[in-house]
Each structure stands twice: as structure tokens, then as C-alpha cells.
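Participant: The residues making up each chain are set out below.
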Amino acid sequence: MLEDSGFAQVVIGPPVDTFGGATGEPQARSFDVCGYAFLAHRA
Amino acid sequence: MSNETLVDVETLRTQVRDKYREVAEDPHGTHHFHTGRPLAARLGYDQAVVDVLPDRAVESFAGVGNPFSVRRIETGSRVVDVGSGAGFDSFIAATQVGTTGRVVGIDMTPEMLAKSRATAEQLQFGHVEFREGLAEALPVEDGWADVVISNGVINLCADKQAVFAEIFRVLRPGGVLQFADIANGRPVPIEAMRDVDLWTG
Chain D
1 MLEDSGFAQV VIGPPVDTFG GATGEPQARS FDVCGYAFLA HRA
Chain V
1 MSNETLVDVE TLRTQVRDKY REVAEDPHGT HHFHTGRPLA ARLGYDQAVV DVLPDRAVES
61 FAGVGNPFSV RRIETGSRVV DVGSGAGFDS FIAATQVGTT GRVVGIDMTP EMLAKSRATA
121 EQLQFGHVEF REGLAEALPV EDGWADVVIS NGVINLCADK QAVFAEIFRV LRPGGVLQFA
181 DIANGRPVPI EAMRDVDLWT G
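Here the protein sequences line up with chains D and V, keeping their order.
Quick note, the first sequence lines up with residues 1 to 43 if you use the working numbering.
Quick note, the second sequence lines up with residues 1 to 201 if you use the working numbering.
Just so you know, the hints here were simulated from the structure itself, not pulled from any lab data.
Hints are not guaranteed to be accurate.
Claimed, not checked - Taking CB as the label site, the calculated pair distances span: (1) V10(D) with D142(V): 17 to 25 Å; (2) V52(V) with Q9(D): 30 to 38 Å; (3) M1(D) with A192(V): 15 to 23 Å; (4) E3(D) with E25(V): 34 to 42 Å; (5) D4(D) with M193(V): 18 to 26 Å; (6) Q9(D) with E129(V): 24 to 32 Å.
Unchecked claim - Covered stretches of chain V (chain D as the covering partner; in silico rule of three or more C-beta atoms under 8 Å from a C-beta of chain D): (7) 32–42; (8) 65–71; (9) 168–182.
Claimed, not checked - Listed next, the stretches of chain D that the computed footprint assigns to chain V, with coverage defined by at least 3 CB atoms under 8 Å from CB atoms of chain V: (10) 4–12; (11) 31–41.
Here the structure is a predicted model, which means the values were calculated and not measured.
Positions of the beta carbon are idealized from the N, C-alpha and C atoms, including for glycine.
Modelling step: build the complete structure from the supplied sequences, incorporating the hints.
Facilitator: As C-alpha cells, then:
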């Protein structure tokens, strides 16, 4: 989607266990939800 | 991320605004995500930078990652923070760009804007301002920004393609988008994706 929007050189950082230990953890685990940092440049 | 709008835009927006009003007014209450200083530590923010920020700037932080982990913002940069909340990431950006730079935080929740503006005044950060607005209609002129940041916001927008188009509009050519957001490793059933309650709960 980023590239479709005109961004290039997309880099994705490692996953972060954003919801671990929070009440939303079971829901997040059921879909392997993690946080990521993204870097992209406007063409 | 899909470019299909699966839920009613206004219904979702109202629920998100209600949820983050709660986070602004009761940051230590029961939420399905972590908040505040423990969350900042969990996400790998520089503790020395976080420690000097007042509680009001940090306690309602509800990001999902660290957009500064992929790149430090250059001194003098002009930055837009999409969905700035109580201003946590805007203030981190402000320390990186220095007084020769500018940071504009955009948020749609009045209670978050009140907190971020009060903190900017307390810190005497004249190079930071907060504007009311939507991610799909940023109150920023074309090509103004060198950098756009965001944290845990785009996943809460029904029309992600519209958000990225708007970010593209406000960035100068060659400008940088650095943001954090969630992504799922397993497919979410379509019926769940159409359930607006699951977007915020």
C-alpha cells in the first residue's frame, strides 16, 4: 500500500510485542499482532 | 492492510475519539493496551529523553512501536505528527529537530489536544504546535514537511489509502515517512474486520 501511494525505499523494523502482558494480549496473540516501525521516502 | 473501507468511517471515528478521550482523562485506567512510561520503555524509547518529559506528556502515550528506531530526525527538520495524542512523540521529535525545526501535531480528540498544548506551554516549546484535524484531511500545506511521523494511528483509520495520500501531499519530494503501527501475522476473518467494536477493543 505504501508503494501504491508513491513511497519508495520501504524498510520495516523488527516486530515488537506491543500487547504482551496487556489485557488485549489474547486477542493480539490470536492473530499474531505485533508492532512494527516503518521507514519510506516520498518519491 | 487493505484499501477496502470495511466499516462506517464516522462510526469508527466516533469510537476511536471516545476511546482516546478515556486514555486522555484516565490514562491509568483499564485499557486493552499498555500506556505511559512502562510502554515507552517496552518500545525501546531512549529513557533519558523520556525521563525529562512531564507526566502529562507521557501518561497518555499509547503507541504501538517506536518510529524513531528506524531513523533519527535531522536538526532543523519540519515534522508533522499524524494522530499526536497528548504529544509524546511530538515532544521527542522536538528534541531532535531543535529550535531551528518545527513540529506540528495533528489530532481529532479535544481532550488530547488540551493536554499536548498545555505541555508545550509548560516546556516553552515554541517550535511545537498542535492543530485539530483528521488523518485523512491534514491541516498542513502541500509539501511543507520534511518528515511525517505517526504511531498506532493509521490502523484505526477506515480508509488507509486516503491517509497515505494525504501524507504524500504534505511531504516535500524526497521527504521521509517514519511511523509505527500494528500488523497481523495471521489473516483476520472478514466478519471480524467488519466489526467496528474490534477495531478499538
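Participant: Hint by hint, note whether the structure agrees.
Facilitator: Structure-based check of all given hints:
Taken as a hint, the range 17 to 25 Å holds for the pair V10(D) and D142(V), whose Cβ atoms sit roughly 23 Å apart. Taking 30 to 38 Å as the suggested C-beta distance range, the pair V52(V) and Q9(D) conforms, at roughly 33 Å. Range check, M1(D) to A192(V): Cβ separation about 20 Å, and the 15 to 23 Å hint holds. Checked against the hint of 34 to 42 Å, the pair E3(D) and E25(V) passes, with Cβ atoms roughly 39 Å apart.
In this structure the hint that D4(D) and M193(V) lie 18 to 26 Å apart at CB holds, the actual value being about 19 Å. As the Cβ distance of Q9(D) to E129(V) is approximately 29 Å, the hint placing it in 24 to 32 Å holds. Coverage of the segment 32–42 of chain V by chain D holds in this model, with 4 residues showing a Cβ closer than 8 Å to a Cβ of that chain against a need of three. Counting residues of the segment 65–71 of chain V whose CB lies closer than 8 Å to any CB of chain D gives 6, so the stated coverage by that chain holds, three being the minimum.
Beta-carbon proximity to chain D at under 8 Å applies to 13 residues in the segment 168–182 of chain V; the threshold of 3 is reached and the given coverage holds. With 5 residues carrying a beta carbon less than 8 Å from a beta carbon of chain V, the segment 4–12 of chain D meets the three-residue requirement, and the given coverage holds. Counting residues of the segment 31–41 of chain D whose beta-carbon sits less than 8 Å from any beta-carbon of chain V gives 11, enough to reach three: the coverage restraint holds.
In terms of the numbered hints stated before, the structure departs from none.
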